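Trainee: Residue numbers (numbering that gives the first Met the number 0), protein chains in the order written: chain S, 0 to 590; chain F, 0 to 340.
Simulated from the structure, these hints should not be mistaken for lab results. Note that the structure is predicted; figures quoted are calculated from it, not measured. Every residue, glycine too, gets a C-beta built ideally from N, C-alpha and C. Please note that the accuracy of each hint is not assured.
Stated by the list, open to error - To be clear about the criterion: a stretch of chain S counts as covered by chain F if any three or more of its residues have a C-beta under 8 Å from a C-beta of chain F, and this derived list gives those stretches:
hint	region
1	430 to 443
2	553 to 559
As the list claims (entries may be wrong) - The calculated SDA-like cross-link candidates involving lysine to any residue, where the alpha carbons are at most 20 Å apart (straight line), are:
hint	chain 1	residue 1	chain 2	residue 2
3	F	K296	S	A67
4	F	K296	S	Q372
5	S	K462	S	Q404
6	S	K243	S	V66
7	F	K296	S	K34
8	F	K296	S	K387
9	S	K365	S	A426
10	S	K34	F	F250
11	S	K300	S	Q372
12	S	K300	S	Q273
13	F	K296	S	K365
14	F	K296	S	K243
15	F	K296	S	D61
16	F	K296	S	V56
17	F	K39	F	Q293
18	S	K115	S	Q136
19	S	K34	F	E222
20	F	K296	S	V66
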Amino acid sequence: MVLGTEDATPVSFWFAVTPGASVGMDDLVAVRTQKPDGSPVHFYGIVDHVRTRHEGVTFDSDVQDVVAGLLPASVSYAARVLVTRVSPENFIPPQPGDEVRHARGEDLRLALSADKMKRSFPGGLLADGQVLPLNYQFVNGEQGGHINISGISGVATKTSYALFLLHAIFRSGVLDTHGEGHRTRALIFNVKGEDLLFLDQPNREVDPVERGVQAAKGLPAGRYDLLGLPASPFRDVQFLAPPKAGAGDVIVPDVEQRSGGVTPFVFSLREFCQRRMLPYVFPDGNASLNLGFVIGNIEEKLARLAAGDDAPYLTVEDWQPDTETLLAEDVRFDEMGKTRIQTFAQLISYLEYKLLEQNDGEGDPKWVLKQNQGTLRAFVRRLRGVQKHLAPLVRGDLTPARAAQYRPDLLKAGVQTSVVDIHKLGAHAQSFVVGVLLRELFEHKERYGRQDTVFVVLDELNKYAPREGDSPIKDVLLDIAERGRSLGIILIGAQQTASEVERRIVSNAAIRVVGRLDLAEAERPEYRFLPQSFRARAGILQPGTMLVSQPDVPNPVLVNYPFPAWATRRDEVAEEVGQGTEDAGNDWLGL
Amino acid sequence: MRIRLDPWPVDMEGGQLGLKRFEGELIDIETPRWAAVAPKAIPARLGTVYVVDGKRRMESRVFIEDGDGAAGMGGFGAYVVGAVELCPHGTRPATLREVRAQRLLAHAPGLRVDPCLLSPRDPHTGHLQYAPVVADSAEPLAPLHKLQQVMLAAEQELSHGLASRVPFDEGDDREALTALTIQDGTLRSQNLGGAVVGCVKTMQTQYLPPDRAGLLTDLKPGERTPILHMRYENNRITRFIWYVRLCEAAFYQHPMSGVMRLEMYAPEEPDFLPPIVRTVANVSGPLLCRLASQPHKDPRAPQNLIPTAALEHAMTRAMGSADLVTRRLRAHIARELGVAS
């Protein structure tokens, strides 16, 4: 019953729990109150605070007398409710004494505003085993878009929840109702370990784990059954990974745990120039105005140089590299006296020549454009710095056919989920890959429109779109955050600390999820959407539990989600479906 | 010269110690040997102890004119009697019993008065029903006395209804002490036969002659004096009495602080000490030491027992807010007289 000793307001009230009943945090409750004219008003809310205390005693030490059976006292068990919905929207307070019930069935649907959702998919299980519906229209861009997940690494399991959401979207049937299931895709960047390279393999631990959880929580059925999802791995997955370093005709993906089914990807040197990828090599290029100017200029020069041909390599006439020093780099000369640039290292050497060596160290005036030497040197030095990582990725020594074969094609027919493994790359190369792929995706969608939704899962947003400073990748991410939803690109971003991510990216997310947070972090303004009690609790969330906030429900809801049905490590892969080495070999050789 | 403090707060009427001389008759009924009696363990069969108290409140004095032209004084009053039920062995939580407010409209004799039902404007605050009761006289204080009488009667009935029976016949020892009632204050009316022990917190009268009073100072916590049969000088009321000490007196307090007088009903003829009375006396020390309060929690500690304090609190609450009741009474009268309020 609603308490009369605490204020009851339309947004929050306390209620007393009758003896024998039990209420925990996150339980959803419903209250019906009556206006003086007899018409009912229903309040739906979530319990965000529970407490017990001895009533009728004055001193803290009285508890000893109560326990000893000397002092009569009753235990007062009360809970606070944050109202999520008032129906009809008459914001009168509930009356002390109004009965409070657990929200179940239809009440639960109303409490979570599920009746307002035309299409929804399961976002996890509530504490009592009921399903939390998430409004798909706020995910796919119809009314809102983007999902943002925050939480401490390792404990908050942000990636797991992002994958669970993808699994729920793909497999819950929410897509089929609109006939878009076969066209909706996901692009996942794997930034940590090789965790995501087994998405297509069943997890052999899922059954025992889920049975244990079902027994521990006393659920009527397994969590996957309750959610209406199959406990099966992802389907139609392609794995892309950068090739191993080293020249040669065989291009081998640079992965260790997975033996097959991973496609290496490379960009041709000409593409690099033509498609103006140079700025993405410098995530902090705009930090200095001069450097940004040099990058822009050289980007332009390279694009011109590359125009008009489609061989993977570039040819230049005005460079005769000193073969003594470049011997190791295997320079080839064309028949017409042109030099062929076919490795990334050669490209850097060429740029170095143009900027710093030609004209007795003056550089080519058209390339230098009166920039001072320090800036030019900084530019070259940075390029050299990423050379090791980018050299295997950007190549001109392949035949055009093979270059086309290894071009990353994120929208390949028959592929629903693309996993791009970038965990082995250095920070700059990671940014480069993310930036280039996202921009290509964005430009593709700009041309072809929004009809196929593409979900982009990207962890460590704070690295790619930091709050401070500008970078080309941040521009792409901002574009996606701000315009992506109308183009059908939905960003499922994650980061440890939302306070360090560009504000507009976080604020554009319709659905926000919080896992375990550092308590100091939880007090930052980015988490103001969480009520105070939830912020305090974000510090003690266990793995597998998330606070989910969506536009339809004014308060966040705590959910847990099942153990992944897909393997997240090599040793979780169920044995019988492991691929034979022969297949793997064929894969590598592109047969 | 030695000066020591009376432990009770000064705004309380009378201190703990009064020490008027007693003019009645005392008989050694238990033993002629005047020495401290050691406490005995509480027997297992004593399963329940009730602590009973009552409380009254005059809510408004009234002047009544009835339809026949008669007029007189009266008063709206409320009283509560209630009990705390507890297990002396501490195996059950203590619970409140029968704490319910009763209301009455006491009035001078010779008036025709209808029951009074106060119905509130606010549906949450319930109805107040005042039953008419005739007071003994037309004196202005008579309604208050009537209220007190009604309350004491209810208290008496509750005390004895809950307790084991005490046989006052030498041949009858079937009754065992399974339930004991501790009543707050002296026993006021006639014996109804229950095992009821009254706890007198103050010592207004010094019953013991000077040569015996020294024992009160020497008692150790839990110890008691032998049981005495007492008869008042001016009336026929007889009681068994004994003293127990609940705690050591602090050095600044008078040496009899912490000592409490206990009473039980006694037959008029001092020829027989019922075994139950002796049992009650034996367990009274350990029992009351357990129930005794702490000075920082209750200014009348240790005599005001923990359950009594809780019961007083609950009874006050059961009568409701005095301000609210007075306002309701005023609104009721306004409605009766047709005055807009």
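Trainee: Holds or violated: are the alpha carbons of K296 (chain F) and K365 (chain S) at most 20 Å from each other?
Mentor: Status violated; Cα separation ~93 Å.
Trainee: Between K462 (chain S) and Q404 (chain S), does the CA-CA distance stay at or below 20 Å?
Mentor: violated, 31 Å
Trainee: Is the hinted pair K34 (chain S) and F250 (chain F) satisfied, with a Cα-Cα distance of at most 20 Å?
Mentor: Outside the cut-off at roughly 64 Å; violated.
Trainee: With a Cβ-Cβ cutoff of 8 Å, does the region 430 to 443 of chain S contain at least three residues near chain F?
Mentor: violated (count 0)
Trainee: Checking one constraint from the list: CA of K296 (chain F) to CA of V56 (chain S), max 20 Å. Satisfied?
Mentor: Cα-Cα ~10 Å, so holds.
Trainee: For the pair supplied as a hint, K39 (chain F) and Q293 (chain F), confirm whether the alpha-carbon distance does not exceed 20 Å.
Mentor: violated, 23 Å
Trainee: Mind taking a look at whether chain F covers the region 553 to 559 of chain S? Criterion is 3 or more residues with CB to CB distance under 8 Å.
Mentor: violated (count 0)
Trainee: Tell me if the straight-line CA distance from K300 (chain S) to Q273 (chain S) falls inside 20 Å.
Mentor: Between K300 (chain S) and Q273 (chain S) the Cα gap is close to 10 Å, so the pair holds against 20 Å.
Trainee: Straight-line Cα separation of K34 (chain S) and E222 (chain F) no greater than 20 Å?
Mentor: violated, 64 Å
Trainee: CA of K296 (chain F) to CA of Q372 (chain S), is that 20 Å or under?
Mentor: Judged against 20 Å, a Cα distance of about 85 Å means the pair is violated.
Trainee: For a C-alpha distance cap of 20 Å, please report whether K296 (chain F) and V66 (chain S) respect it.
Mentor: holds, 17 Å
Trainee: Are the Cα atoms of K296 (chain F) and K387 (chain S) separated by 20 Å or less?
Mentor: violated, 78 Å
Checked against the numbered hints above, the structure violates hints 1, 2, 4, 5, 6, 7, 8, 9, 10, 13, 14, 17, 19; every other hint is satisfied.
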